[in-house]
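**Q** All chains, please: the whole structure from these sequences, using the hints.
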Amino acid sequence: MEIVKISPLPIVDLADISCPLPGLTIETADFCEKQFSRSDECRKHYETMAKSAANDLTPCQCPFGLTSFPIRIGGHRLAITGVIPFPRSGGGLERQLAKTYPLLKIANAALPGVKALLQQANDRFDQIEAFVANQQAMALHEIRKLNRTIKQNAERLCKDESPGDPDSAHSEIVAIWKAAELMSNQFDVLELLANEDLATLPAKSVSEPYRVFDKLIRIFRHAGTNRQIDLKAPAGFYPEVVVCDKTFPILASVLLENAIKYSVGTSAIGVTLNPVATAGNKVRIQIENIANDAPNLNDKIFEKGFRASADNDGTGKGLYLAQLVAKQHGSILRFSKERANSAGGQVRCRFWFDLEQYNG
Amino acid sequence: MWPFTKITSIREIKSTIPRDELVRNSRILIVDDEEPALKVDLEKEGFAVHWCADVDSALLRQIERMNYDLILLDFSGVGTSLGNQEGLDILKHVKRVAPAVMILSYTSKALKSKHADFYRLTDGVLPKDAGIADSLEKIEAALRAARSAENLWKALLNRLGADPTSPEAEALQKRILKASKKSDSWQSFLDGISGLVTTDEGKAAAAAIGRRLLQAIAAAASTGA
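Protein sequence lines correspond, in order, to chains D and S.
Under this note's numbering, the first residue of the first sequence is numbered 1, with each subsequent residue one higher.
Under this note's numbering, the first residue of the second sequence is numbered 361, with each subsequent residue one higher.
Hints were generated in silico from the structure; no laboratory data involved.
Take these hints with a grain of salt, some might be off.
Claimed, not checked - Which residues of chain D face chain S? A few of them, derived with a C-beta cut under 8 Å, are:
#, residue
1, R72
2, P87
3, R88
4, L140
5, H141
6, E155
7, E181
8, L182
9, N185
10, A194
11, K204
12, S205
Quantities reported herein were computed from a predicted structural model and do not represent experimental measurements.
We put the beta carbon where it would ideally sit given N, CA and C, even for glycine.
**A** Written as structure tokens, this is what we have:
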């Protein structure tokens, strides 16, 4: 909570108890810092306050003679703390501290003003956050519009030049077109990240996963990926599945982009579609690649913000979103790894998920 | 027209409209506060496309009378006459009065959680930044779905307020299948359907859906679909 950083008096967030943070006007007494590090008494004092339903600004003396005051700001419970109030809470410890730390003295009558100040600051923070979020959404919208113009005009140029096979038009224009396609995929990911409710939308559209992956592979190739990507399915097997067309492409693009990003050397990526013999009328979609092993490369990779290795530039959110989308489609995205034959320290990674086939 | 295939259930009819017929007979409405370049791409393909920056009562009446098969509906800056939920208000209104019309959400704005219903209630999503070929493919699929006998049948039942599993729906299906075999009996059948609806707009809408449905069944029977 940001407002604890601008409190005029020492303060503790009762949802995240720590040594009192210094106030801008009155700093945390070194006495407090010592006691907090030496014993559990301080922490217990704040835990008791956190559990208490006491009204705001009800004084609560700590075991060492200083006084805390609970306040509620924007649904958060905080404690203005480490002060010597007037009128006094009472006791010999307090009298002693008042002599040693005269700067900790504060009139109780000033506390409502402190609370009001923090409330105002919190409201302002909320306004700024909402404003920034709105500006970001507008900026994203404008960039997306710009990307749309580039993408669609490049596609029109390619179509005009080579109506039968726009992909074979002037290679640099095709590269611009496909790079803009990749950018669109990134915008979709950002949109899902900002609004995870999209992964609760119903699946209504019939789609062919083979075509979805084939299109993506072409995009990556034309946009400059040299890595070999093999798309395989048994002869004549072009299953249809019912998907949410808002989110399903994200699942495919995250998995493929991940495989491209983390593959090592000249190893190829494999995308395979197979009927699942043991699970009724389902199709299994699997993406395989060879990557450097990392201790954290396990099922936790689907957790939000989890990164298998600190030395890569991933956000740790792509696979989390992919799993959300897999679940949206009644499936679960699974991961396994096994030592690759080629060299030590490298593993063959497999991601797969099953989808019910649509039979019309 | 003599049927070559005996059809016993409307749901079993597959849509087999040839592409040129689909292009020739379909009408697309784009509701968007900015005229999209996609309109020209669609026109180049031969589609009849009408763009409007927002809806008014006259346009809503045309939609209700099945003058359009597909609506590409933007979210922001439209629906101002219907409420404060922009495209979502249009969507809810059209789904109520013209259930046979397919609606694809057509926006590039990242919608907030509270507006996720816009995607939930539409028949599909066409991102504004989708590629041209992808857009055309999705639009053709939506038009096929709009003109399918199954969609028209569901829409007719919806407009008549009939439960699809009720004996009345079963009886109505038999009547439609029978009527579809003789085009000279269509009008009396459509008059009968209109009689089940109370409002003038409702009568016209039910008759329009019924006529489309008869055409779809007759076409399927003649092609053996």
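**Q** Each of the hints needs a verdict: does it hold here or not?
**A** Okay, the hints, checked on the actual structure:
With a least beta-carbon distance of about 26 Å to chain S, the hint placing R72(D) at the interface is violated under the 8 Å criterion. For P87(D), the suggested interface contact is broken, since its CB lies about 49 Å from the closest CB of chain S, more than 8 Å. Interface hint at R88(D): violated, since its Cβ lies 50 Å from the closest Cβ of chain S, which is beyond the 8 Å cut-off. Interface hint status for L140(D): upheld, as the beta-carbon distance to the closest one in chain S is roughly 6 Å, under 8 Å.
Look at H141(D): its Cβ gets to within about 5 Å of chain S, closer than 8 Å, so that hint holds up. The criterion of a C-beta within 8 Å of any C-beta in chain S is met by E155(D), whose closest approach is roughly 5 Å, and the hint holds. Interface hint at E181(D): satisfied, since its Cβ lies 7 Å from the closest Cβ of chain S, which is below the 8 Å cut-off. The interface hint given for L182(D) is violated, since its Cβ lies 12 Å from the closest Cβ of chain S, which is over the 8 Å cut-off.
Against a cut-off of 8 Å between C-beta atoms, the interface hint on N185(D) is violated, since the closest Cβ of chain S lies about 10 Å away. With 8 Å as the threshold, the beta carbon of A194(D) comes within range of chain S, its nearest partner Cβ sitting at about 6 Å, so the hint holds. A cut of 8 Å between beta carbons decides the hint on K204(D): the least distance to chain S is about 6 Å, and the hint holds. Contact between S205(D) and chain S, as hinted, is supported at the beta carbon level, the nearest pair being about 5 Å apart and thus within 8 Å.
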